[in-house]
Amino acid sequence: MLDDFMWRAMIAGVLVAMAAAPLGCFVVWRRMAYFGDATAHAAILGVALALLLDVSIFLGVLTVALVMASCVSMLSGRGYAMDTLLGVMAHSALAIGLVAVSFLAGVRIDLSAYLFGDILAVGKTDIWIIGGGVALVLTLLFWRWSSLLTATLSDELAYASGIQPRREQLVLTLALAVVVAVALKVVGVLLIAALLIIPAATARPFCRTPESMALLAAGIAMLAVTSGLRAAYMMDTPTGPTIVTLAAVLFTLATVATQGWRLLRQRLQPASCHSDK
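Here the sequence shown is numbered in my numbering, starting from 1 and rising by one per residue.
Treat the hints as calculated values from the structure; they're not laboratory data. Possibly wrong hints are sitting among the right ones.
Beta-carbon label-pair distances, calculated as ranges [stated by the list, open to error]:
(1) Asp4 with Ser146: 39 to 45 Å
(2) Arg166 with Leu136: 16 to 22 Å
(3) Cys71 with Lys124: 32 to 38 Å
(4) Leu98 with Ser56: 19 to 25 Å
In this text, all values refer to a predicted model and were calculated from it rather than measured experimentally. Glycine included, each C-beta is placed from N, C-alpha and C at the ideal position.
Can you build the whole structure from these sequences, using the hints too?
Written as structure tokens, this is what we have:
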């Protein structure tokens, strides 16, 4: 089965969706959308350093993502607003990475594969790496789920429960860096944040508990991946952008449905009140 490139792409995409969507719920709840985007942009610098040092691309991207996330966590609240720090570091890392790539003599690099993903080129080794990264992220989320939720609700509530918010933020940062590293080949640097945020945002109006939102977001992400792969194959379009486009379509349909239902309830409510009188 793994000899078929479409099956390998499908497995890789579904695995990334399983980890990115639940993690994306925390990104949405904590309003960390820009944080995920910044970590993803830093991945290009990781690619350049990995090629320069002749090490694994996954290792290079993971290292840079962790360093950048740790720097932002340490510098936040020390005279700089979080969005300012993220903006400076994200775009600086992306620019430095692109400049560094240009100095790699004798190395031919298809930047579009890193910017927009190249899921159809996923190999057997890539699947094992992606599977290991996804297992690590899901294990972290399962292990720290209650503590992460408490710290997300309120720092004061976390302290009262004996939970260190900084520690939970570090766990979330680690998981985010791993997802960025494993998703690089699936959707690319510029679209990783979309795969984190859009499924979670789509699921949010339909769920009453955090657990149900995480599960529904994972289902939406997997649907976007499988439908996007099929659509890209049929229409001969770039796979990564097509996957994100399908996710955006699902978000639009969900938004229209929830807004329509809300308007319908508002129209029916006065009529029912009048009939009661």
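Tell me the numbers of any earlier hints that the structure contravenes, in ascending order. As far as the earlier hints go, not one is violated by this structure.
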